[in-house]
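Here the structure of chain A is known, so what remains is to put chain B in place on it, guided by the hints.
Chains A and B, in that order, give the protein sequences.
Going by this note's numbering, the first sequence opens with residue 1, and the numbers climb by one from there.
Going by this note's numbering, the second sequence opens with residue 140, and the numbers climb by one from there.
Bear in mind the hints are in silico, worked out from the structure with no lab data behind them.
Careful, some of the hints might be misleading.
Each computed SDA-like pair below joins lysine to any residue, with the alpha-carbon atoms no more than 25 Å apart [said to hold, decoys possible]:
#	chain 1	residue 1	chain 2	residue 2
1	A	K52	B	P183
2	B	K187	A	R94
3	B	K299	A	G66
4	B	K158	B	Q282
5	A	K52	B	V352
6	B	K176	A	K52
7	A	K127	B	Q282
8	A	K127	B	T431
9	A	K127	A	R94
10	B	K248	A	G66
A short list of chain A residues far from chain B (calculated; beta carbon distances all over 10 Å) [stated by the list, open to error]:
#	residue
11	T4
12	T11
13	P12
14	L32
15	Q97
16	L109
Just so we're clear, the structure is a prediction, and the values are computed from it rather than from any experiment.
Here a beta-carbon is modelled for each residue, glycine too, at the ideal position from N, C-alpha and C.
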Amino acid sequence: MERTFFLEVVTPERTFFSGECSSMVLPTLDGLYGVLAGHEPMVTAVESGVFKYRTPDGMWHFAAVGKGFAEVMPESTILLVTTAERPREIDEQRARQAMERAQQRLHTLPTDQQEYTFSRAALERAKARLEAKRMQRKK
Amino acid sequence: MTGMKEIRDHIKSVQQTLKITNAMYLISSANLRRARKQLNDVLPYFTKIYNAIADILQRSPELNHPYFDRRLHIPREERKIGYIILTGDKGLAGAYNHNVLQLAEERMKRTVNPRLFVMGHVGRTYFADQGYQMEPSFGFGVQDPTMAQARTISEIMVEKFQKQELDEVHLIYTEMVTPLELRVRELRLLPLVRSDFPRLKEQKGFRRTMDYVPSVDAVLDNIVPGYVKGMIFGGLVESFCSEQNARMTAMQTANDNASDMLKKLSLSYNQARQTAITQEITEIVGGSGLFTQS
Numbered sequence: 001m002e003r004t005f006f007l008e009v010v011t012p013e014r015t016f017f018s019g020e021c022s023s024m025v026l027p028t029l030d031g032l033y034g035v036l037a038g039h040e041p042m043v044t045a046v047e048s049g050v051f052k053y054r055t056p057d058g059m060w061h062f063a064a065v066g067k068g069f070a071e072v073m074p075e076s077t078i079l080l081v082t083t084a085e086r087p088r089e090i091d092e093q094r095a096r097q098a099m100e101r102a103q104q105r106l107h108t109l110p111t112d113q114q115e116y117t118f119s120r121a122a123l124e125r126a127k128a129r130l131e132a133k134r135m136q137r138k139k
Numbered sequence: 140m141t142g143m144k145e146i147r148d149h150i151k152s153v154q155q156t157l158k159i160t161n162a163m164y165l166i167s168s169a170n171l172r173r174a175r176k177q178l179n180d181v182l183p184y185f186t187k188i189y190n191a192i193a194d195i196l197q198r199s200p201e202l203n204h205p206y207f208d209r210r211l212h213i214p215r216e217e218r219k220i221g222y223i224i225l226t227g228d229k230g231l232a233g234a235y236n237h238n239v240l241q242l243a244e245e246r247m248k249r250t251v252n253p254r255l256f257v258m259g260h261v262g263r264t265y266f267a268d269q270g271y272q273m274e275p276s277f278g279f280g281v282q283d284p285t286m287a288q289a290r291t292i293s294e295i296m297v298e299k300f301q302k303q304e305l306d307e308v309h310l311i312y313t314e315m316v317t318p319l320e321l322r323v324r325e326l327r328l329l330p331l332v333r334s335d336f337p338r339l340k341e342q343k344g345f346r347r348t349m350d351y352v353p354s355v356d357a358v359l360d361n362i363v364p365g366y367v368k369g370m371i372f373g374g375l376v377e378s379f380c381s382e383q384n385a386r387m388t389a390m391q392t393a394n395d396n397a398s399d400m401l402k403k404l405s406l407s408y409n410q411a412r413q414t415a416i417t418q419e420i421t422e423i424v425g426g427s428g429l430f431t432q433s
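Looking at chain A on its own, in the form it has when it is part of the complex (with noise of 0.2 Å):
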């Protein structure tokens, strides 16, 4: 039997997820982040991404998640994030729509630095929902 720890993923709106997982894989500030049960306690920031856990049947799940953090404890994790989307949840053609709408203004060279960074964020929101779409599909 494979180990495993409580894994908690909240936002604002609801309970996303709450269970037991025996792995996942986090977006973090400097790329993906993998934690197994037993990890050594930690808190880290959370970039909006495709995060992926497997529930102890040994299946993957998706999510599309916003900005937040995680507090990984041996025992648990909590992850706090602004927004989590299952890909069933997404509608790709709005994602794409949103996608092209940020690339269009960021051609565009923002000179407002709000606009720039509302925009970039815009971006990689519509980018992490196509992908994790992307990824459900290709499983």
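Chain B alone, transformed into the frame defined by chain A:
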């Protein structure tokens, strides 16, 4: 004795008012149910993010992060303190708006340089009447709080804090302790101060040390805006819940009063009617007596 017509008119007007208060009662109870659900959904996030920051504070005593900078070198007279004040869009909610405004007013008196970020119509008109300067372009509604709204507000506040346009950011909102007890609370959003957070109990046996990936600063950079956003959203939802609750209670009282009044009025209406009939009979009997006598 008042005339029958006057009493009838009075009864009618009370009945009209009762209809309105009853409708308002039903509306706010429906809103409350929805807001309660939202509150229950947001609460886990709220408490977890709060605990996580308390946890970090406890484990890393030495923090030199801009979000923790209390800017103590700035004297009291020059400190720019921003207050986000959450009031309702409408009155008729008992003491709900009054309590918020009272606390806000008290805080204004204590600070030399307050910056007001008022949400809700009642508060805005009140402070405008009092001649306070309010931040323009802060026209957010308080009905049906959304996460997107909370995000916009927190981005504005965090940016103002970073640019030193504000040295402190406070949130004044109403907390629903129990459905019967509403309490106005003031919460410091920025800077984060250690004493604002509870000391968590140390786990027995070993002292856990925590790693921060990639660094404490990077983690805090990510967590703190989320925390501010979460707190603002929580405050919005709590306030909305409280407002609906206060209105429900106020309307309930109004309904009860109206029913009492109707009871009394219909009694005096009947009395007046009785008197009128008796008088009429007496007159007729008196009149007919005249004929029989002659």
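Going through the hints against the structure:
no.	hint	in the structure
1	A:K52 - B:P183	holds, 22 Å
2	B:K187 - A:R94	violated, 32 Å
3	B:K299 - A:G66	holds, 23 Å
4	B:K158 - B:Q282	holds, 23 Å
5	A:K52 - B:V352	holds, 19 Å
6	B:K176 - A:K52	violated, 28 Å
7	A:K127 - B:Q282	violated, 32 Å
8	A:K127 - B:T431	violated, 107 Å
9	A:K127 - A:R94	holds, 11 Å
10	B:K248 - A:G66	violated, 41 Å
11	T4	holds, 20 Å
12	T11	violated, 6 Å
13	P12	violated, 5 Å
14	L32	holds, 12 Å
15	Q97	holds, 18 Å
16	L109	holds, 21 Å
Of the hints listed earlier, those the structure fails to meet are numbers 2, 6, 7, 8, 10, 12, 13, in rising order.
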